[in-house]
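Visitor: So you can see what is in the structure, the chains are spelled out below.
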Amino acid sequence: MAKSATNGRKTAAKTQSRVVSKQASENFSSSSNAKEGYERMDEMVHEVSRLAQLILEAATNLSVNSTQTAAAVTQTTTIVEEVRQTVEVSSKKAQNVSTDARNVLQTSELGQKAANDVLQGMQAIKEHMDSLTQTILTLRNQTKQVGEIIATVDDIAQQSNLLAVNAAIEAARAGEQGKGFAVVAQAIKSLAEQSKKSTSNVRSILNEIVEATASATMKTEHGSKVVADGEVFAKQAGNAMVVLADSMHRSAQAAIQIEASSQQQLQGVQQVLEAMKSVEEASNDNQKGAKELEEAVTRLNDLGGNLKRLTERLGSRN
Amino acid sequence: MHELLMLAIEGTVFAVPTSYLVEVLPAVALSTMPLQPDFISGVMNLRGEVLAVHDMRKHAGLAAKEIEETDKIVVASDGKIKLGILVDKIEAVQRFKEEQLFAQSLSPRAFRIIELKDRNVLIKDLQDYLDD
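Residue numbers (the numbering used here), protein chains in the order written: chain Z, 23 to 340; chain S, 569 to 700.
A portion of the hints provided could be inaccurate.
[Claimed, not checked] Covered, in the sense of this in silico footprint (three residues per stretch, anywhere, with C-beta under 8 angstroms from a C-beta of chain S), are these stretches of chain Z:
| id | stretch |
| --- | --- |
| 1 | 185-191 |
| 2 | 194-207 |
[As the list claims (entries may be wrong)] Examples of chain S residues lying across from chain Z (beta carbon under 7 angstroms, computed):
| id | residue |
| --- | --- |
| 3 | Thr586 |
| 4 | Leu589 |
| 5 | Glu591 |
| 6 | Asp656 |
| 7 | Ile658 |
| 8 | Ala660 |
| 9 | Val661 |
| 10 | Leu669 |
[What the hints assert, rightly or not] Cβ-Cβ distance ranges computed for the label pairs, FRET-style:
| id | chain 1 | residue 1 | chain 2 | residue 2 | range |
| --- | --- | --- | --- | --- | --- |
| 11 | S | Glu578 | Z | Asn223 | 25 to 35 angstroms |
| 12 | Z | Glu230 | S | Lys685 | 47 to 57 angstroms |
| 13 | Z | Gln181 | S | Lys685 | 49 to 59 angstroms |
| 14 | Z | Leu185 | S | Glu634 | 18 to 28 angstroms |
| 15 | Z | Glu230 | S | Gly579 | 39 to 49 angstroms |
| 16 | S | Leu614 | Z | Phe203 | 19 to 29 angstroms |
| 17 | S | Arg677 | Z | Asn223 | 26 to 36 angstroms |
| 18 | Z | Ser237 | S | Glu578 | 35 to 45 angstroms |
Since the hints were made in silico from the structure, they are not lab data. For every residue, glycine included, the Cβ atom is placed at its ideal position computed from N, Cα and C.
Just chain Z, with the same shape it has in the complex:
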């Protein structure tokens, strides 16, 4: 509003000054009457004074406006500085996040490797378990064979026993001459009994072995099941690790991009801040200029007043 008013006044002042100069040239050409000349001069001085007043008003407005602008610029600079600080903080944070994301990425890669190792370990255990099962099966078969051999020995012992009894009967029938033979028969019988006792011992040990083997078979079967479960779990863990590593990778990429753009943002804000500082300087210069203009115009106004008084005095003397 102030600007349009100033423009209006300027236009008015231009038109009037043109009229005045035209009148003055007419008047000076016919310099017959001095009084008339003074009157014209008086009018011109009035006009100058009036124009000086107008310029003073405009200069005052300009000074006020430039002061307001300077204040606004200072405020904006302060805000931009605050924004810069915030951006710097967030840039640092983005850097931290990016570093963390890189570390996490490495860790997740290690985790993936560990899960793979676990899976391989489980497979090795499984192979060992299979081999163990095979060994126990072989042991069971061999135990069975030993059992068969014992049965044969047992049978032989029984036949020996019967043979001894029959020998004893023959010896008894021979009477006195058979006495020596009876002793032999007795010896055969005791041998048969010893064999029987031994086979009985071996059989009981064998039974223990059979029981132990059955228990071992059951345990290896259970172990195999547990190992199979473990393998499944390890596979699941591995898959989870892969998914995790994938999302970690994406997160890390995003963090790196955020870091870069945050850096750019910081640079941009810094440039804005510098520009604002330049604007502030310019605005300060403007303010100073307006003040100087105002002072100059005040002096011009005073000068106009003095001139007016002088012409009035000159006019009254004539």
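Using the hints provided, position chain S relative to the given structure of chain Z.
Guide: Relative to the frame of chain Z, chain S by itself:
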């Protein structure tokens, strides 16, 4: 001096004097005869000789039982006829002195003697055997 073959039927001990004995065989499958007496398990062929096989379980008053692989047949003779005696288990031929048998006969759990008489098997208490 008494020479006796000790044998067992369901834990009960019997003895056969060796004077009656021919031989001891592992049990074999027996052939049954029509109208055979209750105490006869069946007949067997011993190298061409046909023998009646007595079931010692029946003679001892025990419940009958199928013949098992571990059973034995004691072949005995009184000099005139031969017969088989089906038993569970053979222990051994043992020699006893008269006084040992006497001492044994006083025990309430004394073994009994199996003798052959009139083509039949006879169970005697040890005391009666010693008295004869």
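Visitor: Checking each numbered hint in turn, tell me which of them this model violates, lowest number first.
Guide: 6, 10, 13 and 15
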